[in-house]
Amino acid sequence: MTANPLVLTQDVISAEIDQARRAYAEELKEGAEPRPHPARGYRPYRSSVARHPRQPLVVVGDPDAVELSGPVFGVTDITDLDSDLTRQHLGEPLGERMQVTGRVADRDGRPVRGQLVEIWQANSAGRYAHQRDQHPAPLDPHFTGVGRCLTDDQGRYTFTTIKPGPYPWRNHLNAWRPAHIHFSLFGTAFTQRLVTQMYFPGDPLFEYDPILQSVTDEAARSRLVATYDHSLSSPEWALGYRWDIVLDGPAATWIEEGR
Amino acid sequence: MTFLPTPSQTVGPFYGYALPFTGGGNIAPAGEPGTITVHGQVFDGAGAPVPDALLEFWQPAPDGSRTGAPGSLRRDAVTGAVVGRTGVEFTGFGRVATDADGRYVLRTLPPGGVPYISVCVFARGLLHHLFTRAYLPHLTDPATEPLLRSLPEHRRATLLAVREREGVHRFDVRLQDDGVHEETVFLAFE
Ligand SMILES: [Fe+3]
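Note that the protein sequences, when read in sequence, are chains A and B. Everything in the first sequence is counted per the numbering used here, starting at 1 for the first residue and increasing by one. Everything in the second sequence is counted per the numbering used here, starting at 1001 for the first residue and increasing by one.
There could be a bad hint or two in this list.
[Stated by the list, open to error] Quick list of the computed label-pair ranges, beta carbon to beta carbon:
(1) A:G74 / B:P1062: 50 to 58 angstroms
(2) B:S1065 / A:T9: 54 to 62 angstroms
(3) B:P1146 / A:E96: 46 to 54 angstroms
(4) A:P56 / B:P1062: 47 to 55 angstroms
If you're looking for bench data, these hints aren't it; they were derived computationally from the structure. All values derive from a computational prediction rather than experimental measurement. For every residue, glycine included, the Cβ atom is placed at its ideal position computed from N, Cα and C.
Starting from the given sequences, assemble the full structure and let the hints guide the process.
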């Protein structure tokens, strides 16, 4: 059997992932600073190719005060049921019920209080309630997969949901995303904005996934994986996961007094 | 001691029930005199419109206050539906998903104290969001604005909205040079 050169296989993608990882290791060896974030252009993730800027970002060494402030949210922006994704419909969604909790902090470790956390995820079969998701897995009439809450005085968030399933996507042939929950977070500065994804420990799909592997720094990548915490599990009810989040941002946001 | 940041990941294509909200582009209260429209399209490196981008906007109130206000996503406590901003406080925050033709429309009040609206771009294919600024031409003196002064003419032009008519400005976002149009200047804050 000869390989069809028109079909982008996992082997090709995996080789590119490996190449990027080795290039990064080489950079570190030559004294480069560790890079916690993915490069904007990362070829194994094919959608990035035509969508990432090729020019270097223009560094604003002295952000304006407006950029060091940010949108605020309050009790009117959420409702009580928003943080429980299992109670938003008439019936219960299918799947492994779980609670995810954690603390949102800035790089000085100060809690990010009263800010909005938004999440979205596939259902337990790996299907999004979205028109364009064509994965032939069942929709769950009792699950939209959307939640939001405000962080408390310690910067904590908590969601009750079900564990999302892995799902196929069309990056390459036989591409499957590891199970994940999408997170959107606001800090006290617009420049601290973060959209990211939380993964589950021990997922065998990690090494095949160009989106997770776009974080070429191994320690940084491990920060995207939640911890199973038995003390957070509740008897006869739900499994508990902990995932803490640290928002990046210009140095000026670390020394400015929190509001 | 500093803590290590959580890495960014793409917003992906399926944020539709989670992030956009009704009225997300209407920062200005309905009927407010002096409301301006900023609109445009997002394009990729092939010059094709990006139909699944999400743009966020942040700006001071016309009086220059930068504190914002809660209530951008104000919800009905009974149904959970978005009921819109109160129109009394100026929240300063907008969020718009591009349509099938890559278009967005923002209706807002002119920012006070700075001549621009801060923009944050998310999309499938962007592993890390992009920051830029939409400078409003009638408020901007490029000769005194430090960021604009530091840029060569052809790069600077990508940050300046284009006045179409009174109160209506066009600001396109080009994620990459498509061979004809210059790539938008994107910013890193240090
Ligand atoms: Fe996803």
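**Request:** Using the Cβ atoms, figure out if P1146 (chain B) sits within 46 to 54 angstroms of E96 (chain A).
**Result:** holds (53 angstroms)
**Cβ separation of G74 (chain A) and P1062 (chain B), checked against the hinted range 50 to 58 angstroms** = violated (22 angstroms)
**Message:** Just to be sure I understand the hint, the distance between the Cβ atoms of S1065 (chain B) and T9 (chain A) should be within 54 to 62 angstroms; is that true here?
**Reply:** For S1065 (chain B) and T9 (chain A) the Cβ distance comes to about 56 angstroms; the hint holds.
**Request:** Starting from the range 47 to 55 angstroms, see whether the pair P56 (chain A) and P1062 (chain B) falls in it by beta-carbon distance.
**Result:** violated (34 angstroms)
The structure is inconsistent with the numbered hints 1 and 4, although it conforms to all the rest.
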